[in-house]
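J.: Residues per chain, in single letters:
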Amino acid sequence: MAVRVQREDFDVGVEYRAVVGDDPGIGAAVSFVGLVRDVAGGDRVSAMTLEHYPGMTEKQLATIEAEAHRRWPLSRSVIIHRYGRLLPRDQIVLVITASQHRQAAFEACSFLMDWLKTQAPFWKLEETPDGARWVEAKAGDTAAAARWSTG
Amino acid sequence: MRLLYFAWLRSKIGVSEEEVDPPASVATVGDLVAWLKTRGPHYADALAHDSVVKVAVNQTYAKRDAPLARGDEVALFPPVTGG
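First to last, the sequence lines map onto chains A and B.
According to our numbering, the stretch in the first sequence is residues 6 to 156, in order.
According to our numbering, the stretch in the second sequence is residues 352 to 434, in order.
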């Protein structure tokens, strides 16, 4: 289990190899990468700044990761989330889950992203031709997280 | 008590953090939000729709009826939008 909150970019290949490591019991690894889009709500986005709550962010991510390990038989996992100013096509977030079988890895990865989006204290400020604006939380994200609540 | 503000709450209130000494009647998170609203137009504006405002006490999400102690770190912020 590992959580990192960082300004720097990450290398998916390096992280994948670190998660799978030398564990011959891992039969499935699922990775998700979230990227900065150049369009939001019909407007061009030239950049995005991610603010977070240092301290609470790491705590929340570790809690969410521990919950995934409680619910699924995961061998290993990693969550990396960036902050600071990012440009379209930049990587924002990486989640990798590894397990004996694919179903646990797929489900845990999906769960981690859904919970992260509604629980981890990050906020996005988009730069558009009309100026900067804070991204509003989406009802769809709350609904996606809620589907795991019966666990 | 140390208060932290994030995202548009920080922009509207105008500071990212401050030390406050609320009156003894402020016993819960809900009391604190109500008291903050009385501290000036920036606060009243930022907290006008206070039902959307999330609160964390000592870096853990807290409901409006959660009790507060003098040394707490209390953060107020909008719904999160990471990922």
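One thing to keep in mind: the hints can contain errors.
[Stated by the list, open to error] Covered stretches of chain A (chain B as the covering partner; in silico rule of three or more C-beta atoms under 8 Å from a C-beta of chain B):
#1 51 to 57
#2 70 to 84
#3 104 to 113
#4 128 to 141
[Unchecked claim] Taking lysine to any residue pairs in the SDA-like style, the calculated list, with each CA pair at most 20 Å apart, reads:
#5 A:K64 - B:S376
#6 B:K405 - A:P93
#7 A:K64 - B:E424
#8 B:K414 - A:S154
#9 A:K64 - B:H393
[Said to hold, decoys possible] Pulled from the structure, derived: some chain A residues nowhere near chain B, Cβ distances all over 12 Å:
#10 V17
#11 A125
#12 R152
No wet-lab data here; the hints were simulated from the structure.
By construction, the Cβ of each residue, glycine as well, lies at the ideal position given by its N, Cα and C atoms.
J.: Are the hints correct? Go through all of them and say.
T.: Consistency of the hints with the structure:
Counting residues of the segment 51 to 57 of chain A whose C-beta lies closer than 8 Å to any C-beta of chain B gives 3; at least three are required, and the coverage claim holds. Evaluation of the coverage hint for the segment 70 to 84 of chain A: breached, as 0 residues show C-beta separations to chain B shorter than 8 Å, against a requirement of three. Note: the segment 104 to 113 of chain A has 0 residues with beta-carbon separation from chain B under 8 Å; the three-residue rule is not met and the coverage is violated. With 6 residues having a beta carbon nearer than 8 Å to a beta carbon of chain B, the segment 128 to 141 of chain A meets the requirement of three or more and the stated coverage holds.
For the suggested pair K64 of chain A and S376 of chain B, the alpha carbons sit about 31 Å apart, so the restraint of at most 20 Å is broken. For the hint pairing K405 of chain B with P93 of chain A, the CA-to-CA distance comes to about 29 Å; that exceeds 20 Å, so the pair is violated. Restraint check for K64 of chain A and E424 of chain B: satisfied, since their Cα atoms lie roughly 15 Å apart, inside the 20 Å limit. For the given pair, K414 of chain B sits about 18 Å from S154 of chain A by alpha-carbon distance, which is consistent with the 20 Å threshold.
Between the alpha carbons of K64 of chain A and H393 of chain B the distance comes to roughly 30 Å, so the proposed pair goes past 20 Å and is violated. No Cβ of chain B approaches the Cβ of V17 of chain A within 12 Å, the least distance being about 16 Å, so the stated non-interface status holds. Distance to chain B contradicts A125 of chain A as a non-interface residue, since its nearest Cβ pair spans about 5 Å, not more than 12 Å. Once the 12 Å rule is applied to beta carbons, R152 of chain A is consistent with being away from chain B; the minimum gap is 16 Å.
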